[in-house]
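Could you fit the two chains together into a complex? Lean on the hints.
Taken in order, these protein sequences are the chains called A and B. Sequential numbering from 385 applies to the first sequence in this note's numbering. Sequential numbering from 762 applies to the second sequence in this note's numbering.
Some hints could be false.
[Stated by the list, open to error] No more than 25 Å apart at the CA atoms, straight line, and that leaves these computed lysine to any residue pairs for SDA-like:
1) A:K404 - A:P424
2) A:K425 - B:D768
3) B:K864 - A:S467
4) A:K398 - B:K864
5) B:K803 - A:S438
[As the list claims (entries may be wrong)] Incomplete in silico selection of chain B near chain A, CB under 7 Å:
6) P775
7) G804
8) G815
9) K831
10) A859
11) L860
12) F862
In case anyone wonders, no lab produced these hints; they're calculated from the structure. Everything numeric in this text was worked out from a predicted model, so none of it was measured. Glycine included, C-beta positions come from ideal geometry on N, C-alpha and C.
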Amino acid sequence: GAVVSQHPSWVICKSGTSVKIECRSLDFQATTMFWYRQFPKQSLMLMATSNEGSKATYEQGVEKDKFLINHASLTLSTLTVTSAHPEDSSFYICSARSVPGQGHNTEAFFGQGTRLTVV
Amino acid sequence: QKEVEQDPGPLSVPEGAIVSLNCTYSNSAFQYFMWYRQYSRKGPELLMYTYSSGNKEDGRFTAQVDKSSKYISLFIRDSQPSDSATYLCAMSEGSGYALNFGKGTSLLVTP
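The shape of chain B in the complex, shown without the other chains (with noise of 0.2 Å):
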């Protein structure tokens, strides 16, 4: 079993509506946990990164975190079309740590 697990998707949804985004993982040594987006043939660009348990919200991106469960989401208010892109999670035990992927989920947001 892998580490992080992610739903690959294709994920496709209208303009406007709310994205949810999830990774499991099995790790309870995982203390830092990060979403990032790609677009393809670029590198992965940085959208939110938590370090406990909890929700934190930056724009339209909310991030949640559910350590008990071993489970992490991001939702995406108000989807844009620029919003399509591969979505990462990725979590660490620590600074210094490398950093575990899931797969990716890719979105598509439709106009």
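Pulled out of the complex, with its shape left as it was, chain A reads as follows (with noise of 0.2 Å):
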């Protein structure tokens, strides 16, 4: 399958400080990638799509000021937390979606996730 590589695997960081999370589609284009929130023992709960070239879509009670969202090009997306608390510590993981018409289904293909701890 389509390779999507998150990068970091898990960051530990100081209350008050930023933290970016890079999303990659290593093998094909992705138009769309989706951020996603994943508390223990709980489903992953939709944060954010974000479109390559326009402003991303934050699902209710997500802030955009918080969790800033880029997708500058086709292969890369990345989230940063700013000014993270410790009620921010979760595990994050991406998502992408190929173009079509790339040999790919439009199956959302996962990142290996970020573990983000809060101190």
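As structure tokens, then:
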């Protein structure tokens, strides 16, 4: 299947600092990338949908000024957690959908996830 | 009511058993149905992807979709301890739409 690389896999930061998480599609172009958050023993909750070259669409209750998403190219999207607080500690996962016609179905492929701990 | 319902388990079976995992949904607009496997502290890994009602088989895995009942299943034959993981069903209205996930079912296959 297609490969989506997410970096870093884990990060610990101090309260009040910002953390950037990268999501790259390695062998296909992704017009759409999704960012999810997953709390322990819970399902993945969609935070935002990111389309290349346009502003991200945020789900209700997700602060766009706190979770900055940039999708500057067809292979890279970034999520920046600004002024992180302990309640932002979670598992963040990105997924990417390929451009039709690249040999992949339009199912979403997931990155490895990023474990964020804010202390 | 959540759009996608999935029993979180845990489900414990002996090695070699047939495992049946299920999800129900309420949104009749869902067209794409997926099953993902997620190991602890890892991202979900796509197992099966189906578009229409019916069965789809891939090795020991069979995905079943019944759109009339809004019910999907994943069967695992000859289960192995390495199958122990959380299995998430996911569905969407179409390409470009975000996936709606079930809570995931925790499966433990004991030797």
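Status of the hints after comparison with the structure:
Simply put, A:K404 and A:P424 have alpha-carbon atoms about 21 Å apart, close enough for the 25 Å limit, and the pair holds. With a C-alpha separation of about 12 Å, the suggested pairing of A:K425 with B:D768 holds against the 25 Å cut-off. Distance check on the hinted pair: B:K864 and A:S467 sit about 29 Å apart at the alpha-carbon level, beyond 25 Å; violated. Under the criterion of a C-alpha separation no larger than 25 Å, the hint pairing A:K398 with B:K864 is inconsistent with the structure, at around 30 Å.
Distance restraint check for B:K803 and A:S438: the Cα-Cα separation of roughly 29 Å exceeds the 25 Å cut-off, and the hinted pair is therefore not satisfied. For B:P775, the interface hint is violated, since its Cβ never comes within 7 Å of a Cβ in chain A; the closest pair sits about 24 Å apart. Using the Cβ-Cβ criterion of 7 Å, the hint placing B:G804 at the interface with chain A is satisfied: the shortest such distance is roughly 4 Å. A least Cβ separation of about 16 Å between B:G815 and chain A goes past the 7 Å threshold, and the interface hint is therefore violated.
The restraint placing B:K831 at the interface with chain A is violated, with a minimum CB-CB distance near 18 Å, outside the 7 Å limit. Interface restraint check for B:A859: the shortest CB-CB distance to chain A comes to about 5 Å, inside 7 Å, so the restraint holds. Using the Cβ-Cβ criterion of 7 Å, the hint placing B:L860 at the interface with chain A is satisfied: the shortest such distance is roughly 6 Å. With its C-beta approaching chain A no nearer than about 5 Å, B:F862 sits inside the 7 Å limit, and its interface hint holds.
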